[in-house]
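What follows is the residue order along each chain.
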Amino acid sequence: MASQNDVLEALRTKEAATSTEDLAKELKASREGTRKQLTRLKDKGYVDGDSQEGWLITEDGRNQLERGGVAPSMVEEGVTPRDVFEGIGRRIGITPDRIVLATDIVWSGDYTDIKWVWEALRQAVIRDDLAKLWVNSWRAHLKKGIPPELERELVGAEEEQGVKAGAKPRVEEGRSYILVEDLPVYVGKNLGDLLYEDAVDLARIRAGRAARGAVQGAPSQPWGARDIIEIVNAVRDWAPGQAPSKSYMVTQGEGGAIVQEVEPGKPMVLQQPASKPGATYLVKPDGSVKQMEPGEPIVVTQQAPAAQRTFIVKQTPEGATVEEHDLSKPIIINALAPASGMPPMYPFPAMGGDGKPILGSDGKPVYVDIEPMLKWVGFQGEQRRADERHNALMGLTQVIKENLPIGIEAFSRAVGEVKGKAPESTAQQYECGSCHTKFTLPREPGEDEKVICPKCGTEWTGKVVMSA
Amino acid sequence: MTIRGILQSTARYFVLIKAATDIVNKAKQIGMDKIKTLVDAGRSITEIYLESCSPDKKVEKRREAHTLLEMGITPEELWKEVLRRLPELEAIIKGKDDYIQAEMKKIEAFVKGEI
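Chains as they are written, first to last, in the numbering used here: chain A, 1 to 468; chain B, 1 to 115.
In isolation and in its complexed conformation, chain B is listed as follows (with noise of 0.2 angstroms):
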């Protein structure tokens, strides 16, 4: 790998951990408590999130989520970041796939704009 391909890898890492912990410290927040509650009560955390949002602040985590797709970062492969920084939040997502797929496709049609 050349330096450029060394610069270009590590700004994708960066965009990534940059991303991942705006969740983690966002989840931390609210506590991880509420966090089991809610998957437990199977709520939509995204949507709950998007909903406390002011239009400024969706369009600007939309151009966030473009960044990221333009850096070809999936979304699995976010959640998977996140997850590597918050392993509690495993433990409570765990055995759930369907919520997670869910999930998926909420962030994705937020980035479409669909919602």
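With the rest of the complex left out, here is chain A (with noise of 0.2 angstroms):
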């Protein structure tokens, strides 16, 4: 697949559009491959259009061609096997139209076998020296060893005399292992991963925890004397051609295991570790640790059950606080006036039927709002005392509307006093003709109405009387 950059420089000679297919085959890329990273150009500004109309490079795009040209990640380089395989064939020199054959020929096939690829490479008619290149560096980058069958093509014939003579030049060959399956593979001179000497010991660990069977991904712990002992003969049994079998002693010390060799025919001294008691520390209440010496007693002193705690809720201006109470000091409740300014009463604890606070899932108490029940309670009060007063009022004008006529002769008459003189009974007094005794009638008579002497008995009629 051709690069961004690759994909732009073809775009910047270009007047007109140019469609994916021929830019790939300008590119000797794959079509599909081209047209992503024309995609990927086209999200970063760089080029305009589509596979229809075809695609041309923007401003943008020639600017960052001046500045060096675009740097993909390998994410959006979708660096694939197959896109590695033919970057070693660039990097060593091999044509693009042989990289594109030999690729498509090893594509045809298992392109992770060794054997096979060096056989399709040989089937593109790949130069010896550039197929054997080509193949060793695949091969290091799938982690693979040199196929036995392949020894000798793969490296080359002065090793081989060098092997076959038993000498031991690799130690010298540098980072050219490569573990399989724990034993050191030599992969081509600096095409590996470890030195030899690296490699060897790193196979002789992984053996050992294969002998003590930790390699199945059991939790790792710490080494102890049987441990020890276990990787010194697996390293024994690896390594058989060395010399004769040695003995070794463990010993559990306080720094761990020793391993001490045993020199045949030289007496070994067995020293009894000193026993040395473990250290007993006490923690205390408040957290200081103390080392405890051996025989010194620990007493226990077993702490009071603490007493309830009571809490006082206050509800002050600036909100509800939360006070504990001395249970030795009496609780006073301080009833505040309505008018005192105080914040309505919330929180206030919900009492049940049974008189207890009602308790909330966590144990504490709830709280409801009594305002609102509050204002009405006040509400009332209020429609109350003004029925109460209209009622008083309405009986007050009822009373002063009955006895106004006396009020006002009662106050005509002390003014009266204040003068020196008792003013007369505003009742209208009549006097019989006859017998001269004054009286009074309860309403004024007609002037047919007969008018009677309460005295005498005459009889007068209205219109006489009210003429008199």
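Check before you lean on any hint, since a few could be wrong.
Said to hold, decoys possible - With a cut-off of at most 27 angstroms between alpha-carbon atoms, the simulated BS3-like pairs for lysine-lysine come out as follows:
(1) B/LYS57 to A/LYS438
(2) B/LYS34 to A/LYS450
(3) B/LYS61 to A/LYS401
(4) B/LYS94 to B/LYS57
(5) B/LYS34 to A/LYS438
(6) B/LYS28 to A/LYS401
(7) B/LYS57 to B/LYS106
(8) A/LYS455 to B/LYS57
Hints in this document: simulated from the structure, not taken from any laboratory.
Could you use the hints to bring the two separately framed chains together as a complex?
Structure representation (structure tokens):
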């Protein structure tokens, strides 16, 4: 797949829109890969267009090329095994046509099979030295060793001769080894990951782990004397051609297991490690730690159970406050006047039918807002007082209305008393013309109504009485 | 006399006139001819009236009488006020001072709770 810079460079020389297929052909890349790169460049604003109308480089794309080109990420580049294989081919100088041809052949089979890759490159008529380099690089990428069948072709005659002569030239060959199934494998000069010594040591360690069954993912544990013995035996088994077996003695010291080689014929004096009892520590209730001497008694004092604590919730202008109550002191509740400027009684603990506070799921009292209820009670009281005031006013008005003439007369007589004479009664008095007796009438008589003197019984008409 | 004195005098006259008016209205309700008959027969009008009253009514009337006494209104002053408002009654009891004195004693006994 062509890089994004290659695509931009190809588009920079075009005056008209170019199709994806033409670009792929020019770049000798696949159509699909070229289309992906064009889409990525379009997302960055370096090209414009689509597969239908063709592609054009933008001004930003030209500027980016002048600044050094696009630096795509590995993901954007779509690095696939095929890309890596083709990249190796380009780096060793294979012509693009031959790269595509060789890659197609390799990918017609199992491209992870080194023998097949070698065979495919031979079929593509790649030169032996280039094919060997290509295969070795690809093998290193796949972390694979040299197949025994290809050892001669891939390693070369010089190394083959060295191996056959029993020499150990590989030790000086640098990082030319990898581990395959916990065994060091030579993969070519400087084409591996490990030095020979490192590969051998690592193989030994892995062999030791395998011997104690820890390679199956068992949790790692501190090594003990038994583990060390197993490792030593594993190394000894892996290198059977070495010196005669040695004897080792493992003792458990304070700093861990100690391995000592036992020389033949030399007596070994076993020292009984001093038995040192572990230190005893006492953690006090306040958190302090004290190291106890052997034989020193430890007295655990029983703590008296904590008394129940009482809290008082106060409603202050700043809000509800909680204070711990001293049980030796009385609780004094100040009943505040309604107009004291205090905020409403909120929160107020909700009380159950048994007179005890209702507790929530968290064990704490449930508080309710009783302000609306207080307002309703206050409103009802105001209404009741307003009705009573109204009734009192109406009653007083009625009394005044009924006794107004009496009040007026009383006031007139009081004023007259001040002036020195009492006014005459406002009641109309009549005098009998016969006996001259004075009398009053409950109401003013009509003209034809008869009026009888209460004393002499003389009858008078109302007209006469009123005209008198 | 200060305004306070005028108001106190007005209150006193109010209570006096109110009590006298009630008596006059009651007398007129009974009828002057019947009262003349009772007076001529020597029957105590006060006694007859109290006999017709319920215990609650008696308590109410006794309280009103105490109010009159507290305000310095004597029975003679009240009687005078009644005659002032009912002149025909004056003609009926004219010359019957013993009858009037007996009535005053009965009223006094009632106020004291003796009857």
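Results for each hint:
Note on B/LYS57 and A/LYS438: the hinted pairing is violated, with a Cα-Cα distance of about 33 angstroms set against a maximum of 27 angstroms. Taking the CA atoms of B/LYS34 and A/LYS450, the gap is near 20 angstroms; set against the 27 angstroms cutoff, the hint holds. The hinted pair formed by B/LYS61 and A/LYS401 meets the criterion: a straight-line CA distance of about 22 angstroms does not exceed 27 angstroms. Proposed proximity of B/LYS94 and B/LYS57 is contradicted: the alpha carbons are some 30 angstroms apart, above 27 angstroms.
About 19 angstroms separates the Cα atoms of B/LYS34 and A/LYS438, which keeps this hinted pair within 27 angstroms; it holds. Restraint check for B/LYS28 and A/LYS401: satisfied, since their Cα atoms lie roughly 22 angstroms apart, inside the 27 angstroms limit. For a cut-off of 27 angstroms, the pair hint linking B/LYS57 to B/LYS106 stands: about 17 angstroms separates their Cα positions. Our distance criterion of 27 angstroms between C-alpha atoms is broken by A/LYS455 and B/LYS57, whose separation comes to about 33 angstroms.
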